[in-house]
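Enquirer: As a plain string of letters, each chain reads:
Protein chains: 2
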Amino acid sequence: MKEVKEYSLMVENAIKSLGLPVEKLDGLYSPIVYGMAEGGKRLRPVMTLMACEAFGADAQKAIHAGVGLEMYHNFTLLHDDVMDNSDVRRGRPTVHRKWDANTAILSGDTMLTLATQLMMRVDDACLRSVLETFNDMSINVFEGQQWDMDFEKRDDVTLDEYMTMITGKTSALLGCAAKVGALIAGASAEDAQAMYDFGVSLGLAFQIKDDYLDVYGDPATFGKPIGGDILNNKKTYLMLLGLSSDKGDALREAMTLAASQEKIDAVRDIYNEAGIPAMCEAAIKDYSSAAVAHIESTSMSAEGKEVFKRLIDSLVGRTR
Amino acid sequence: MKEVKEYSLMVENAIKSLGLPVEKLDGLYSPIVYGMAEGGKRLRPVMTLMACEAFGADAQKAIHAGVGLEMYHNFTLLHDDVMDNSDVRRGRPTVHRKWDANTAILSGDTMLTLATQLMMRVDDACLRSVLETFNDMSINVFEGQQWDMDFEKRDDVTLDEYMTMITGKTSALLGCAAKVGALIAGASAEDAQAMYDFGVSLGLAFQIKDDYLDVYGDPATFGKPIGGDILNNKKTYLMLLGLSSDKGDALREAMTLAASQEKIDAVRDIYNEAGIPAMCEAAIKDYSSAAVAHIESTSMSAEGKEVFKRLIDSLVGRTR
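The listed protein sequences correspond, in order, to chains A and B. Under this note's numbering, the first residue of the first sequence is numbered 1384, with each subsequent residue one higher. Under this note's numbering, the first residue of the second sequence is numbered 1384, with each subsequent residue one higher.
Don't take every hint at face value.
Because identical chains cannot be distinguished in the list, a pair is counted as satisfied if it fits within a single copy or across any two copies.
Here are the simulated BS3-like pairs of lysine-lysine, each with C-alpha atoms no more than 25 Å apart in a straight line [to be verified]:
1) K1630 - K1646
2) K1536 - K1407
3) K1668 - K1407
4) K1630 - K1617
5) K1630 - K1607
6) K1692 - K1630
7) K1646 - K1407
8) K1481 - K1385
9) K1407 - K1388
10) K1407 - K1424
11) K1481 - K1536
12) K1536 - K1646
13) K1444 - K1630
14) K1617 - K1407
15) K1607 - K1385
16) K1688 - K1536
Please keep in mind that the hints were generated in silico from the structure rather than gathered at the bench.
Produce the complete structure using the sequences and hints provided.
Expert: Below, the structure is given as structure tokens:
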């Protein structure tokens, strides 16, 4: 098997070879090329390629489906940025700022159909299972986004509801990416399901870690200003744990403060007093361990298991 | 075979039986139920059911795919109404007015995936061809919508470009509806293609007639105020014919008038002088005749041909 960066390179090359007809309809396709550029590690397609190879097939067999999932991921970013009215994504203007909202809507719609077309570039034997997995994931993502928008208007969101939301909005796509790679390689239904469960657990660990780093991360490496979620009173894993702790009243009061460094410090102090950091670390470890257990439960090659465990370590810290 | 209204009733019942989980996520699914309600004749799924039966299979075999195409059609309306900032659709507030733009975007996205799921409820034997037809249609629709938006900013749109635009935005979905019904019934590739070409020709006749009725229609039956396209200087079939006629300069001057009954009358007078009504009638007749010829070229039952020719007559006038 290959290193993560080699799979990333395969994805990058496949994206460059998409051949979207920009010269035919610049207004529709240029924003798609823009949205697909500079995507970091390409985590989702990399997981698809890795899973395909770990179950004994050539990674190249899964390249179109992998790019389809990257296309899907970037479609959701185009529409989310309209819905959240965000100005910046990965250090560049969002599509609806660089062009306009209508462009982000229509080019995003186009990306969803292009993604489905890419998912269909698999053998007939797994066409239905791959597409069912993809469509189910898509519904989960939309439901997760709806819950996220609903939660903004509510004061009584529970931790269980939050986990349901991020399972849809973040984890379902990782689960789908891993499962689709397995399906393309001809893995059994049990192995494919275990890969889905692995991806979901990894996604939950990853999201909780992201919430944690917003408060406790190193400003030099986090990529976003520390404390952004606190300033926006965003319902994160930490916030919901804090509200249901015996420091709930103090936290509710701190949330009424105007956005300031003082507010960030006040909320962080409450989190520390309530023992939130240790609870986050425990949750990340639990979900990471579950991800490892799902990998171990499959019949993939020993080398495949090792590569996936290294991926888990690199994303959410050492679990062994 | 059945009458159109019987097929419509089958579609209406299937839509009522969709069982969308409104109680689970009201904010996401209620706008979809709202968007799918009161849809008129349900022309697209009716064409799918009719084509399926005309090629010898039970119409019930195509019911889910038919509803999928109706779902797709209504998805485009949700997003188009956001992009056009429209307040009213079929006499009711649009989704983005009754709820908000974010709801129209996200519920619309969900409808596109739900539509794809419905298209998959066909036999394995035609799964790939049905989905390829559906996805190709979807790309055509998005490209047509992009051209439509681009045309608004341009003064040099040609009649050829206009035909390309409406082939994508309006006709591709009718072609897809007819072809998918044929594919589900197991029709040959030639017959399926002829059904697609039939739908496209019908759609072109239908769109030109719609443009024509905006100027010359009976206010009592047209459903919209007469002259709306003229007031908006909309690039219609009539407008583009007029601009390229020897009355082009007079038309360009009339287009600078403020929105008023006077403007509608002035433009209509120019159309009359340029002989536009007769040119429209000829084009409608040509495309209708082409639609009939495509139906005649297939191997469907004589009864099927008769039912389709009656449908053409009812939509765009008698061609025989």
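Enquirer: Now look at each hint and say whether the structure bears it out.
Expert: Okay, the hints, checked on the actual structure:
1. In this assembly of identical chains, K1630 and K1646 lie within 25 Å of each other by CA distance solely inside one copy; the values are 15 Å within and 69 Å between copies.
2. For the homomeric pair K1536 and K1407, the shortest alpha-carbon distance between copies (17 Å) is at most 25 Å, but the shortest distance inside one copy (43 Å) is not.
3. For a Cα distance limit of 25 Å, the shortest separation of K1668 from K1407 qualifies neither inside one copy, at 50 Å, nor across copies, at 31 Å.
4. Taking the shortest alpha-carbon separations for K1630 and K1617, only the intra-copy value of 17 Å comes in at or below 25 Å, while the best inter-copy value is 62 Å.
5. Proximity of K1630 to K1607 under the C-alpha cut-off of 25 Å is found in neither arrangement, the shortest distances being 27 Å within a copy and 61 Å between copies.
6. With identical chains, the CA atoms of K1692 and K1630 are never at most 25 Å apart, being 37 Å at best within one copy and 74 Å at best between copies.
7. In this assembly of identical chains, K1646 and K1407 lie within 25 Å of each other by CA distance neither inside one copy nor across copies; the values are 51 Å within and 36 Å between.
8. Proximity of K1481 and K1385 under a CA criterion of 25 Å is satisfied in neither setting, with 37 Å inside one chain copy and 52 Å between copies.
9. In this assembly of identical chains, K1407 and K1388 lie within 25 Å of each other by CA distance neither inside one copy nor across copies; the values are 33 Å within and 41 Å between.
10. Taking the shortest Cα distances, K1407 and K1424 never come within 25 Å of each other, neither inside one copy (30 Å) nor across copies (35 Å).
11. Proximity of K1481 and K1536 under a CA criterion of 25 Å is satisfied inter-copy only: 18 Å between copies versus 29 Å inside one chain copy.
12. Proximity of K1536 to K1646 under the C-alpha cut-off of 25 Å is restricted to the intra-copy arrangement: shortest distance 21 Å within a copy versus 48 Å between copies.
13. Taking the shortest Cα distances, K1444 and K1630 never come within 25 Å of each other, neither inside one copy (53 Å) nor across copies (60 Å).
14. Taking the shortest alpha-carbon separations for K1617 and K1407, only the inter-copy value of 23 Å comes in at or below 25 Å, while the best intra-copy value is 42 Å.
15. Proximity of K1607 and K1385 under a CA criterion of 25 Å is satisfied in neither setting, with 31 Å inside one chain copy and 62 Å between copies.
16. With identical chains, the CA atoms of K1688 and K1536 are never at most 25 Å apart, being 42 Å at best within one copy and 56 Å at best between copies.
The structure is inconsistent with the numbered hints 3, 5, 6, 7, 8, 9, 10, 13, 15 and 16, although it conforms to all the rest.
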